[in-house]
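Asks: Spelled out from the first residue to the last, the chains are:
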Amino acid sequence: MEIIFIALKDSLALTLKLLCIILPLSISYEFLKHRQSSIEKKNFAVFGISGKGFIPLVTGIIIGLTYGAGVIIYSLRTTNTTKKEAFLILLFLSICHAIIEDTLIFVVIGANGFILIGFRFALAITLTYLLYRSRLFNAQFNGFPRKGGRIEQ
Amino acid sequence: MLVQNTLLHMNTFYSTVKRGFLNGILITYKMVKVIVPCYIAIEFIKHLGLIEVISAFFKPCMSIFGLPGESALGLMAGYFINLYAAIAVITPLQLSSKDMTTIALMLGIAHSLPIETGVTRQTGVNAWLMLAARVVFSLFAGIVINLVWKLFS
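The listed protein sequences correspond, in order, to chains A and B. Take the first sequence: its letter number 15 is residue 15 in the working numbering, and every next letter is one higher. Take the second sequence: its letter number 81 is residue 81 in the working numbering, and every next letter is one higher.
Keep in mind that the hints were calculated from the coordinates and are not lab data. Here the structure is a predicted model, which means the values were calculated and not measured. Don't take each hint at face value.
[Stated by the list, open to error] Simulated pairs of lysine-lysine, DSS-like, Cα-Cα distance not exceeding 30 Å: (1) K46/B - K30/B; (2) K150/B - K9/A; (3) K18/B - K9/A; (4) K150/B - K59/B; (5) K17/A - K30/B; (6) K98/B - K59/B; (7) K46/B - K59/B; (8) K18/B - K17/A; (9) K17/A - K33/B; (10) K98/B - K150/B; (11) K98/B - K9/A; (12) K33/B - K46/B; (13) K9/A - K46/B; (14) K17/A - K98/B; (15) K83/A - K52/A; (16) K59/B - K18/B; (17) K33/B - K98/B; (18) K33/B - K18/B; (19) K18/B - K30/B; (20) K9/A - K33/B; (21) K84/A - K52/A; (22) K46/B - K17/A; (23) K18/B - K98/B.
[To be verified] What follows is a list of derived Cβ distance ranges for each label pair: (24) W149/B - I3/A: 28 to 36 Å; (25) L22/B - G118/A: 44 to 52 Å; (26) A122/A - K46/B: 33 to 41 Å; (27) G49/B - R77/A: 51 to 59 Å; (28) G118/B - S134/A: 25 to 33 Å; (29) R77/A - L129/B: 14 to 22 Å; (30) I143/B - F5/A: 33 to 41 Å.
Every residue gets a Cβ at the ideal spot worked out from N, C-alpha and C, and that includes glycine.
The task is simple: from the sequences and hints, build the whole structure.
Replies: Quick look at the structure:
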């Protein structure tokens with residue numbers, strides 16, 4: 001019986017630590033939402049991702065897929081991102097997302113944050129760039145132009 | 001006029017902070033529901049001595065990543081449930097900083113797969129391909145970081 005109490009106490013202590021990270025983050029997300037339109041004009045052309053793709057990309061990197069889902073799905077569907085671009089964005093995000101929260105919660109329990117962030121960014125950038133340059137990938141998409149500014153399902 | 005403007009500004013500021021705060025509490029509430037049961041379950045498994053059995057069972061496959069066998073539980077929890085479950089599972093295991101970083105990296109790339117595959121599917125990109133890519137790169141990153149870490153230490 002005692003073991004349950006100890007586990008309960010420890011798990012609540014862990015939750016409290018995580019709360020200290022999550023609260024400031026969730027408040028800064030709300031401020032970030034106000035700033036969205038100003039980053040829309042920037043360009044990220046190196047990896048074949050345009051300024052419009054920048055919003056879902058940045059949202060995903062900072063906030064993550066679960067909580068940023070609304071913004072990511074909305075902006076990929078409403079702006080003129082090509083299907084190819086959407087794929088590149090999703091590939092980048094699948095490796096490198098929720099970079100602040102994920103890293104911090106693991107740092108709390110003893111991981112090395114610099115290695116985590118560095119490795120994920122490096123891997124995501126390398127893969128996205130390689131895929132963007134690869135002939136097979138480009139051939140896949142060149143035959144199918146997009147219709148009406150929406151991603152076909 | 002100026003006073004009114006300032007007041008309006010303050011109002012939006014406070015409502016932004018408030019929204020962020022409430023969101024943070026909501027996330028924490030969802031987190032507690034996962035962390036507490038997982039933590040108690042792991043403490044029980046440890047107490048009953050089952051952890052040695054599990055550890056021995058997973059030792060061959062986890063040694064590819066240079067991890068102890070019992071960390072397979074944390075990896076599974078992260079892949080199938082979410083990161084908070086994974087944290088609740090690996091915290092009581094008391095792993096070294098290297099093991100923690102390796103697991104954090106692997107889980108950072110692939111986690112909450114059932115939920116996040118749903119998000120990916122809605123953006124119109126091939127979700128199964130993305131799922132496969134995440135799992136493969138997660139395992140790949142685990143192998144690479146193990147080798148690199150050994151090289152530098």
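Asks: Taking the hints in turn, state whether each one holds.
Replies: For each hint, the structure was consulted:
Restraint check for K46/B and K30/B: satisfied, since their Cα atoms lie roughly 25 Å apart, inside the 30 Å limit. Among the hinted pairs, K150/B with K9/A is inconsistent with the structure: their alpha-carbon atoms are about 36 Å apart, more than 30 Å. Pair hint K18/B plus K9/A holds up; C-alpha atoms about 29 Å apart against a cutoff of 30 Å. As the CA atoms of K150/B and K59/B are separated by approximately 18 Å, the hinted pair is consistent with the 30 Å bound.
For the proposed pair K17/A and K30/B, the alpha carbon gap of about 15 Å is at most 30 Å, so the pair holds. Annotation: proposed proximity of K98/B to K59/B holds, straight-line Cα distance about 17 Å (limit 30 Å). Pair hint K46/B plus K59/B holds up; C-alpha atoms about 17 Å apart against a cutoff of 30 Å. Among the hinted pairs, K18/B with K17/A is consistent with the structure: their alpha-carbon atoms are about 21 Å apart, no more than 30 Å.
Among the hinted pairs, K17/A with K33/B is consistent with the structure: their alpha-carbon atoms are about 16 Å apart, no more than 30 Å. Note on K98/B and K150/B: the hinted pairing holds, with a Cα-Cα distance of about 10 Å set against a maximum of 30 Å. Under the criterion of a C-alpha separation no larger than 30 Å, the hint pairing K98/B with K9/A is consistent with the structure, at around 26 Å. At roughly 21 Å between alpha-carbon atoms, K33/B and K46/B fall within 30 Å of each other, so this suggested pair holds.
A C-alpha spacing of about 16 Å is found between K9/A and K46/B, which places the hinted pair at or below 30 Å, so the restraint holds. About 21 Å separates the Cα atoms of K17/A and K98/B, which keeps this hinted pair within 30 Å; it holds. Note on K83/A and K52/A: the hinted pairing holds, with a Cα-Cα distance of about 13 Å set against a maximum of 30 Å. Proximity of K59/B to K18/B is assessed by CA-CA distance (about 47 Å); at most 30 Å being required, the pair is judged violated.
At roughly 29 Å between alpha-carbon atoms, K33/B and K98/B fall within 30 Å of each other, so this suggested pair holds. Simply put, K33/B and K18/B have alpha-carbon atoms about 23 Å apart, close enough for the 30 Å limit, and the pair holds. The suggested pairing of K18/B with K30/B holds, with an alpha-carbon distance near 18 Å, which does not exceed 30 Å. A distance of roughly 14 Å separates the Cα atoms of K9/A and K33/B; the hinted pair therefore holds under the 30 Å criterion.
Proximity of K84/A to K52/A is assessed by CA-CA distance (about 13 Å); at most 30 Å being required, the pair is judged to hold. Restraint check for K46/B and K17/A: satisfied, since their Cα atoms lie roughly 23 Å apart, inside the 30 Å limit. Proximity of K18/B to K98/B is assessed by CA-CA distance (about 38 Å); at most 30 Å being required, the pair is judged violated. Between W149/B and I3/A the CB atoms are about 34 Å apart, so this pair conforms to the stated range of 28 to 36 Å.
For the pair L22/B and G118/A, the supplied restraint of 44 to 52 Å is violated, since their beta-carbon distance comes to about 34 Å. At about 36 Å, the CB distance of A122/A to K46/B agrees with the hint of 33 to 41 Å. Under the hint 51 to 59 Å, the C-beta atoms of G49/B and R77/A, about 53 Å apart, fit the expected range. For G118/B paired with S134/A, a C-beta distance near 28 Å keeps the hint of 25 to 33 Å intact.
Hint check: R77/A to L129/B, Cβ distance near 19 Å, so the stated range 14 to 22 Å holds. Evaluation of the 33 to 41 Å hint for I143/B and F5/A yields a pass: the beta carbon distance comes to about 40 Å.
Consistency note: the structure conflicts with the earlier hints numbered 2, 16, 23 and 25.
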